[in-house]
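Let's have the full structure, built from the sequences with the hints guiding it.
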Amino acid sequence: TVLVLALAAAFAPAHAEEDLSQYLKPQSTVAVGLAHATGSKDERAIFGQYNGVREHNSFLLFDLDYVTRDDGSGTWTIATIKDLGLADRELSVQREVQGSWKAYASYSELERDYPRTVNSGLAGAGTTTPTVARVATPGAGSDIELKTTRKAATLGYERFINSSLSFEMNFKNETKDGARLWGRGYDCAAYVCGTSTTTAINQAAFVKNALLLLPEPINATTRQVEARLVYSNDKLNVNGGYNGSFYNNAYGSMSATVPNLFNNGLGNAFPGYPAVTGAIIAGGGTSLQNVLQLPTALPPDNQAHQFYVDGNYAFTPKMRMTFKYAYSVATQNENFASMGLTDAPAGVTSLNGKVVSQLAQLGLSARPADGLQVIGNMRYEHKEDKTPSALYNVEPVAVVPATTPASSTTVGAYWNNNHVTSTRFATKLEANYRFPLGIRGTLGGDYTSIEREVPDTIADEKVAGLSALRARNYETTYRGELRRSMGETLNGGVSYSTSRRTGSDWTSLSQLDPATKGISATNLALINAYCGGLACYGQEMKAASILGFSATTPFPMTMTDLKRDKWKLSADWNPLERLSMQLVLETGRDTNLAPLNPVVGGKGWRDSSLSVASLDVSYAFSDKWSLTGFASRNQQTLHINHSTGYLADLHNEDSAAGLMLLGKPTSALELGATLSFLTDVNAYNLGASNTTTGTLPGPLTAVAPSAANLAQAAIGLPDASFRQLGLKLFAQYAVQKQAHLRVTLGQQRIHFTEYQWSVNGVPFTYADNTTVHMLQQQNTGYLAISYIRTF
Numbered sequence: 042t043v044l045v046l047a048l049a050a051a052f053a054p055a056h057a058e059e060d061l062s063q064y065l066k067p068q069s070t071v072a073v074g075l076a077h078a079t080g081s082k083d084e085r086a087i088f089g090q091y092n093g094v095r096e097h098n099s100f101l102l103f104d105l106d107y108v109t110r111d112d113g114s115g116t117w118t119i120a121t122i123k124d125l126g127l128a129d130r131e132l133s134v135q136r137e138v139q140g141s142w143k144a145y146a147s148y149s150e151l152e153r154d155y156p157r158t159v160n161s162g163l164a165g166a167g168t169t170t171p172t173v174a175r176v177a178t179p180g181a182g183s184d185i186e187l188k189t190t191r192k193a194a195t196l197g198y199e200r201f202i203n204s205s206l207s208f209e210m211n212f213k214n215e216t217k218d219g220a221r222l223w224g225r226g227y228d229c230a231a232y233v234c235g236t237s238t239t240t241a242i243n244q245a246a247f248v249k250n251a252l253l254l255l256p257e258p259i260n261a262t263t264r265q266v267e268a269r270l271v272y273s274n275d276k277l278n279v280n281g282g283y284n285g286s287f288y289n290n291a292y293g294s295m296s297a298t299v300p301n302l303f304n305n306g307l308g309n310a311f312p313g314y315p316a317v318t319g320a321i322i323a324g325g326g327t328s329l330q331n332v333l334q335l336p337t338a339l340p341p342d343n344q345a346h347q348f349y350v351d352g353n354y355a356f357t358p359k360m361r362m363t364f365k366y367a368y369s370v371a372t373q374n375e376n377f378a379s380m381g382l383t384d385a386p387a388g389v390t391s392l393n394g395k396v397v398s399q400l401a402q403l404g405l406s407a408r409p410a411d412g413l414q415v416i417g418n419m420r421y422e423h424k425e426d427k428t429p430s431a432l433y434n435v436e437p438v439a440v441v442p443a444t445t446p447a448s449s450t451t452v453g454a455y456w457n458n459n460h461v462t463s464t465r466f467a468t469k470l471e472a473n474y475r476f477p478l479g480i481r482g483t484l485g486g487d488y489t490s491i492e493r494e495v496p497d498t499i500a501d502e503k504v505a506g507l508s509a510l511r512a513r514n515y516e517t518t519y520r521g522e523l524r525r526s527m528g529e530t531l532n533g534g535v536s537y538s539t540s541r542r543t544g545s546d547w548t549s550l551s552q553l554d555p556a557t558k559g560i561s562a563t564n565l566a567l568i569n570a571y572c573g574g575l576a577c578y579g580q581e582m583k584a585a586s587i588l589g590f591s592a593t594t595p596f597p598m599t600m601t602d603l604k605r606d607k608w609k610l611s612a613d614w615n616p617l618e619r620l621s622m623q624l625v626l627e628t629g630r631d632t633n634l635a636p637l638n639p640v641v642g643g644k645g646w647r648d649s650s651l652s653v654a655s656l657d658v659s660y661a662f663s664d665k666w667s668l669t670g671f672a673s674r675n676q677q678t679l680h681i682n683h684s685t686g687y688l689a690d691l692h693n694e695d696s697a698a699g700l701m702l703l704g705k706p707t708s709a710l711e712l713g714a715t716l717s718f719l720t721d722v723n724a725y726n727l728g729a730s731n732t733t734t735g736t737l738p739g740p741l742t743a744v745a746p747s748a749a750n751l752a753q754a755a756i757g758l759p760d761a762s763f764r765q766l767g768l769k770l771f772a773q774y775a776v777q778k779q780a781h782l783r784v785t786l787g788q789q790r791i792h793f794t795e796y797q798w799s800v801n802g803v804p805f806t807y808a809d810n811t812t813v814h815m816l817q818q819q820n821t822g823y824l825a826i827s828y829i830r831t832f
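Be aware that the sequence shown starts at 42, since it is given in the working numbering, and climbs by one per residue.
What the hints contain is simulated information worked out from the structure, not anything from laboratory work.
Heads up, some of the hints might be wrong.
Calculated pairs, DSSO-like style, for lysine-lysine (alpha carbon to alpha carbon, straight line, at most 27 Å) [unchecked claim]:
| no. | residue 1 | residue 2 |
| --- | --- | --- |
| 1 | LYS359 | LYS276 |
| 2 | LYS276 | LYS469 |
| 3 | LYS143 | LYS213 |
This one's a predicted model, so the numbers in the text were calculated from it and none came from an experiment.
Structure representation (structure tokens):
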């Protein structure tokens, strides 16, 4: 401040008095106004989903920035109010003596009105005990509009103990209330509803599956506490402290009352599959209705605690070290019975979840020679899941006719609670060098290893839905960049990086076991060929051996071998003093390197690519008028070869552009205009894939796609698109030296197409004729007038 005042006095005597008063006496600003939004409530669904404008089209505008300083004590007081009349309002107050202490408090709200409207016969939507009632036809129910409201309050205090040591702490309490889109459904499995040869159950007079929309009730509180000490001197800066998070949900579960009346595939009402007797399933079954009435768990109470220390140390002016260590404990121990959940494993009353995490990081940067900088760091993360293991999920086998009593030994699948124990180690080394002719080069390398817990034996856990898991992954990246200053007006750079992910052999989840009664000769041959004549589950083997069990196996994409290449080109050009341009071009490709069966081909995700192009331009017509603009286009493609007969060439393209014109035709008048455009299109491009005949170990023979798959692929899926056009105009006029009148006029047009909720005007319909809808063309205008006063 002293330097600024000295320069003002020396070089701008005509304005020195005005500048001096600005720094000696801080200014405050208050803005009061009214705003009005046009269009119906449905037309404002997207425009008003986060600010309350959907429900109310007229609202108060009030903003305040109040700043004052007590010259005697040097105490600053700062108060801020933002968007007081809207649903996303914020308020804060702060008092401080610079270099001594600071205290602050804030309050904020954020309301989300879900843009889609539910039409249903559901009673008690948003409660833990809703009642489903099937309406006669889609759209004949009552409209239900869902919303959630967040309210957050924060208190904080900072104290400078001495010139080197300070203390900081803050507390935040946030509540969230309301309801959001949610639901549940079930397709009656044989072990639940049975597979009977009796006419009554095989008739079309019963519905086998149903999907219901049941909004999730929300009444939760999150509390966060942070406290830390900060120490600094000429060489050392270090922070040490504690972070705590406490989540409490007032609702433990939701139990719906569901009538035994559901839509079949044609939308006609029929009862659900009935409960079957022990004559059909060992021990008896249950009905579709009863399954849908079982309690559904909601997010449980949990908490986390972290202790940490981090900072940096300067050995010399050219060499600096950074460091960090953090120890965290996260727990989840809510009682199942208090949540309304039953049928826990014997002797287990809660998950008693506990995950302990440790993070250690060390970095070093140095300038060993002129123009050369070297940076290196290491990072270690270990996450240990100490949650007790218990058998939570059991899928029994349907025994028809029922000759075997139901027990844990007559099951189709079972699995314990999932564990997330893992270790991650990462290193980075980078060198930057300034060459002659304005060239700067960068070379770097990264190495990452991940080790995770995988099942050892089927006796502990039987993983359903996967064929293999990988205990270890390794990823190596090499990258380089060249940048050059080509004169005073042009700078450019090009960079390239290549990565390769590999890993250990795969842990088999195949259930082939020579001890199985009645095992076929083919399966016995597979066991002998790939599993050494022992049970296959839990053995680590080559990916090719996993394919020997199932030629259509897709390996988990986050664990498979991968090749990644990325290119980036950037340029800054200032051909004129008033004109500047920035260009960025980027492209990359990921390729799945997992082995595949040559007849079946690679299943699952195969490859993906991404390209980005952006241009920013700024031009000043004069000292009073300027124009800025931008344009960007992003494309992403994923190729999927599904194991059930179809291919997908998923393509996403989004484009955005904008122009902003600012001007000041007179000393009292400011004008501005902003035009923006956004489009996002998802194309699915489905195709039919070959099938095979024959059994492993072979030979397999490729068979052309079936007529049914070809017909389905021909129908395909329509593109899903979203387009938005926005125009904003404003004018601000100084009616007095410290008073302004501002007028803002805007228009937003939105058009989208989708297939998830509606196609060609036909809505997706739930089993009780519930529908969800949103206006696909929305046009909203708004006008705001504000009076702004500076004091």
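- Task: Could you tell me which of the hints above the structure violates, numbers in ascending order?
- Result: Of the numbered hints, all hold.
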